[in-house]
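**Student:** Residue numbers (this note's numbering), protein chains in the order written: chain U, 64 to 310; chain D, -17 to 304.
Incorrect hints may appear among the rest.
Computed beta-carbon distance windows for the label pairs [stated by the list, open to error]: (1) P284/U to D(-7)/D: 17 to 25 Å; (2) E271/U to L104/D: 37 to 45 Å; (3) P282/U to E28/D: 49 to 57 Å; (4) L104/D to N170/U: 34 to 42 Å; (5) P110/D to A119/U: 43 to 51 Å; (6) G143/D to E271/U: 40 to 48 Å; (7) L104/D to A307/U: 18 to 26 Å; (8) M(-17)/D to D154/U: 44 to 52 Å; (9) A283/U to E297/D: 30 to 38 Å; (10) K67/D to A119/U: 36 to 44 Å.
Below, a list of computed lysine to any residue pairs in the SDA-like style, where the Cα atoms sit at most 20 Å apart [unchecked claim]: (11) K(-5)/D to K178/D; (12) K86/U to V106/D; (13) K81/U to F123/D; (14) K290/D to R301/U; (15) K216/U to F123/D.
Simulated from the structure, these hints should not be mistaken for laboratory data. Yeah, the Cβ is synthetic: ideal placement off N, Cα and C, and Gly gets one too.
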Amino acid sequence: MKILVLIGNVPDTTTKVKFNADKTAFDPSGVQWIINPWDELALTRALELKETSGSAIESIFVANVGRVETEGTLRKALAVGADEAIRIDADPKDAFYVASQLAQVANGFDLIFAGIEASDYNGAAVGGMLAELLGIQSVSAVSGVQIENGLLKISREIDGGSQLLGMSLPLLAIVQKGIAKEPRIPAMRGIMMARSKKLTVIAPLEVEVLTSIVTFESPAPKAACKMVAEDQAKELIRLLHEEAKVL
Amino acid sequence: MSVLIYTENWDGKFKKVSYELASYATKLAAEMGVTVSAISLGPVEESELAKLGNYGITSVMSAPCSNYTSLDNQAIATAVAAAAKKVGATVVILAQSNLGKAIAPRLSVKLNAGFVSGVQGLPVSLQPFTVKKMVFTGKAFAKTTIHTAIKVITLAPNSFGIVESPVQSTIEKFDGGLSDADFTTKIESTNKVTGKVLLTDADIVVSAGRGMKAAENWGPIEELAGLLGAGLACSRPVSDEGWRSHGEHVGQTGKIIAPNLYFAFGISGAIQHLGGVSSSKCIVAINKDKDAPIFEAADYGIVGDVFKVLPQLIEAVKENKS
Ligand SMILES: Cc1cc2nc3c(=O)[nH]c(=O)nc-3n(C[C@H](O)[C@H](O)[C@H](O)COP(=O)(O)OP(=O)(O)OC[C@H]3O[C@@H](n4cnc5c(N)ncnc54)[C@H](O)[C@@H]3O)c2cc1C
C-alpha cells in the first residue's frame, strides 16, 4: 500500500499578517514557514500506520505545489520520516489549480491524506477537489484512521456527533485534529537522512484560474473591552441583556 | 437560471443552518433577478420540507432515499450536481459545515465551477461575482472574484442570519440517478451528541480553558450553558488533555464559530484560539490575569477567579430569567 500526504506550506500560525501597499497581495517578508498544521498531523498518523503495519505500507510520499522556497517544508516532512517528496514547481493560484496539479502525481496511491484546510487562505477545498478529479471516494473531518486487513476504519466528525466508518481503498481522507496527538519534531539523524531522500520536481500543467483575490481587508478595530468588577456578575448580565442585547 | 441551496437535515429535521441558507439564497436570487430552489437529500417529511417556504424558497426538490443518511461524499456531490443541472443553477450554496465542506469542493469540479468557501454575507458585487471571505483564520478578509459561469460557495455560519419571507413553495420528488452500489460509505456506529445544543448552531456558547484546572471542575460551566441554552466549547489544550471531547475544541485547528454571545472562562486568548471565535458578535472574558490577550478581543470582561465568578453568574442568570 502506498500513501500520499499533501503538504501545504503556510505562514507560522503566530504570524502578524501584512499585505502590500495596495492590499492586493500577502507580504511574505519576515514570515516563518511551517507545514500546514493539519497536514503535519496527517503525516504523523501516516508514519504511525506505517510503523505498525508490518510491511503492508511500502512507502509514504509527500507532495506540494510551490516554488523552490517551499522545499524546506518538504525536507522537514522527509526528516520526520516520509520516504519521498514531489514538488510541482508553480505558485499555487487557487484551490482548483493546486488540486489539478496534484492530480497528475496522485494516481496510483491507495490512501491520500489532505488537511481539512490550509491555515492561510482557509480554502477547505483541495482535498475534495483532488478526490473528484481522481474519481475516488473521500471522507472529510476525519479524526482517526486504522487499517484492519486492508480495510480502513475511519472516525469522522459530523455536525452533532461522530461516526465510525468502514471504507475501502482507494480513499482520500480529509483530516482534522484528533487524527494524531502531537506532530513529530525532526531529529538530527532524520535531517541528515532527508538530504539524500528523493525529491522530484515536476513542471506544472496549464490550468485555468477560476477564482482570484481582488483585495485584502483587515478586520475593523475592536472597541475597548468594558470591564465589570469581580463581584458584579449581576451587572454583567444586565449589560448583556440591555446594552449588548445578546441575552 | 437560478440559485440552488443544498439543505442539511438530521434525523429528518432541517438543521438551523438550512434556514440561514434559504434566507440568504432568497435575497441573493432577488438581487440577481432569478428563481431560488432547494435540494434535500434523505428522508424528510413533507411538512418539514414546506418550512423552507417560510424563508422564501419557491421550489423544493426532495430525494427521500435513506442511503443519503450515510453522508457519502461522492454520492451526495453527484446528486446535488444533478439537481443543479436540472434547475440550471448558476450559484449553488452550501453551509460551511462539516458536511458542506466535504461536498462543495467535489461539486464545484463536477460543475466546472469556481469555488469559494466560508463566504461572509452577500456578494460585494454581482458583476463580476465577488464575495468576501475570512482568511488567515480571522486575521484578514479577502474579496475574491469567481470567474466561471457557475459558482459554488459555502456560507460562513451566522454571517447572514435567518430572515422570514413566506412564499408558497412547490415540493417535488427528485431522483439523483444513483443506485445502492454508488453508496460506498459504510457506517459502523454513530455517537450522537443528544439533548445538547449543537455547537455550530448555538446562539450562545459557553467556553472554558486551562484556567478551569481539571475535568471535574466543568460542572458550573455545564450548568451555565444549560441555563442559557448554550453550546459548550473549549480551548485546544483542554481537549488535548482529554478533559473535554474534540468536538468542543474551537480555534484555528478546531471549529470556527460565530455565535451572538461567546463566554470565555479561563482562556488566555491565544491568536490560534481567537481565530475560531473572533467573528462572534459579543465576547465576554473572565480571567484572573488583567493582561491576558483575551481582553483585547473581548467586549465585556471581568478580571477575577472563574471559581468565584461562575456561581454568581449562574445566580444572576437565574434571576434574570425569572
Ligand atoms: C499550530 C497551532 C494551532 C493551535 N490551534 C489552537 C486552537 O484551535 N484553539 C485553541 O484554543 N488553541 C490553539 N492553539 C494553542 C494556543 O496557542 C494556546 O496554547 C491555547 O489556546 C491556550 O489555551 P488556554 O487559553 O485554555 O490555556 P492558557 O493559555 O494556559 O490560559 C489559561 C488562562 O486561564 C487563566 N486562569 C487560570 N486560572 C484561573 C482562574 N482560577 N480564574 C480565572 N482565570 C484563570 C490564566 O490567566 C490564563 O490566561 C494552537 C497552537 C498552535 C501552535
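**Student:** Which constraints among the numbered hints does this structure fail? Numbers only, ascending.
**Tutor:** Violated hints: 1, 2, 3, 6, 8, 15; rest satisfied.
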